[in-house]
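J.: My request is simple: use the sequences and hints to build the entire structure.
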Amino acid sequence: MRHPSDGTLRRLLDEPAGVPDTARDHVATCATCRSALLTARHDAEFAAAALAFDTDPDTEAAWRELSAALPVTPSPPVKPSFRTTISRPLVAALAAVALLAGASAAAATDWFQVFRADRVAPITVNPAELVQLPDLSSYGTLVIEREPHVREVTGAAAARLVTGLDAPVVAELPHGVTGTPTYYAGDQAAAVFTFSAAKAGQTAAAAGKPLPAPPAGLDGARFRLTAGPGVAEVWRESRGAPAMIVGRAAAPKAYSAGIPFATARDYLLTLPGIPRAVADQLRRFSADGATLPLIVRSAEQTSSTADVNGVPALVLSSRDGAFTGVFWVRDGMVDAVAGSLGSDEVLRVARELRWGR
Amino acid sequence: MANRQPAVRADLEEIFRAAYPRVVAVAARVLGGRNEADDVAQEVFLAFGRSDVPAAEAIGWLSVAAAHTALNQLRSGRRRVSREEAARSESVSPDVADAVVVNDERRRVRAALARLPRKQAIALVLRHSGLSYAEVAAALDLSPASVGTTVRRAESALRKELNRHASPE
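Protein sequences appear in the order of chains A and B. Going by my numbering, 48 is the number at position 48 of the first sequence; the sequence numbering is gapless. Going by my numbering, 506 is the number at position 149 of the second sequence; the sequence numbering is gapless.
Check each hint, because a few of them may be wrong.
Stated by the list, open to error - Each pair of labels, with its calculated beta carbon distance range:
#: 1; chain 1: B; residue 1: Arg464; chain 2: A; residue 2: Arg330; range: 55 to 61 Å
#: 2; chain 1: A; residue 1: Glu145; chain 2: B; residue 2: Lys517; range: 53 to 59 Å
#: 3; chain 1: A; residue 1: Leu269; chain 2: B; residue 2: Arg475; range: 20 to 26 Å
#: 4; chain 1: A; residue 1: Thr178; chain 2: B; residue 2: Gln399; range: 42 to 48 Å
#: 5; chain 1: A; residue 1: Asn309; chain 2: B; residue 2: Lys476; range: 17 to 23 Å
What the hints contain is simulated information worked out from the structure, not anything from laboratory work. Here a beta-carbon is modelled for each residue, glycine too, at the ideal position from N, C-alpha and C.
T.: As structure tokens, this is what we get:
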């Protein structure tokens, strides 16, 4: 057989059980491979010695330090519901990218709509980039006017009463999904972001870089962000975890007052603190701002594109195969089907959905 | 209408107590200093506290975030003078000559790490911090089969980098 790769030889040192028997047997009888294995061992030991660092941290003292820097009230446990599909970092990131990916100008003293999603596209980030992705408070003041207030309702009629939206009707449940769904309704969420050159300057200084000169009119400019309302139906497994979620929500929108939105977007993308890989992807979005960017965590998820009855859709799958979701935008509404299902199953459900009874 | 206080996940303390030593160890391997590593760990846990990363994935997420953040510090040259001074005094031993050698060695290792391709440097640090091949693969979006290749290349490159800069000036 061929000599095993350097990577296989290296793994033989750490996790021999992870190396196929055929490779182990080959190395045992091959002088060339034994020599390469010895070199790999020397390099590994050299690296281990170079990187050795005796740490015996004081966890209690560190926890006291962290506690002092945290807000007082812990968040309540996240309910296994529609809310889990719009997790908090995702909302924060969406708010940021909705602002950044905005489009045509709107220079006036009143609010003008400048962003409305009519399709979805992935932004791939690794976990560390997600850590680095700044929230809007790094560049100004974010005031939440209305929380989404997602709650369980008695059925489709109640969901329509709360949101004005028709609940989805699933033509045929996938194998393993049974019973009647629980209905959820969420109000429209709204926030206002006010850009502050002083705050942006502090954030830039913390990153050790100067703040690029803001364009005229940006300091103090306000941007209004909205998302929702939305409805969702959740089918549960016997253990209570969601087996399938079908939902619809009004797509996020951004409005600008006082400065052309494209001017603000182009400037914000140059600020220190936004990971370059994220900024590069944002720049590729359509100039009309009609794309809704969704964060894909590269270490945990994969994304692909599909078609739902003539509309481009984004399919997100967890790498462990435990979760798949399909998202698409039509007429200003984001629709989603997700669950412990295969991509074929979520796409079939998506293509056969009807809205309203 | 009021500013919303950032929420903190309910399981933060439990995960902090379990994972803090590992996170500090990852950052310390990159930075070669305990105090700087403590700062990185605080920064990473603050971000984690606002995240919804599943608890089962916390160790991998925190480790790779610590490695990235520490490497960013190395490469940006962002240092905190007071911390740097503290780190120096921390490592002073009765034998001043030994302390000088140790500090110089740490500086050379940090410089060599900073010159490696980022993925190699992080795979190297995570593996030598005790993460399994499967954990490194998940953290870096690699197949488990290619973790060995990446780590092997990193170790070879580290040795070459350190040997290249070992000759007396």
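J.: Take the hints in turn and mark each one as holding or not.
T.: How the hints compare with the structure:
{"no.": "1", "hint": "B:Arg464 x A:Arg330: 55 to 61 Å", "in the structure": "58 Å, holds"}
{"no.": "2", "hint": "A:Glu145 x B:Lys517: 53 to 59 Å", "in the structure": "58 Å, holds"}
{"no.": "3", "hint": "A:Leu269 x B:Arg475: 20 to 26 Å", "in the structure": "22 Å, holds"}
{"no.": "4", "hint": "A:Thr178 x B:Gln399: 42 to 48 Å", "in the structure": "47 Å, holds"}
{"no.": "5", "hint": "A:Asn309 x B:Lys476: 17 to 23 Å", "in the structure": "40 Å, violated"}
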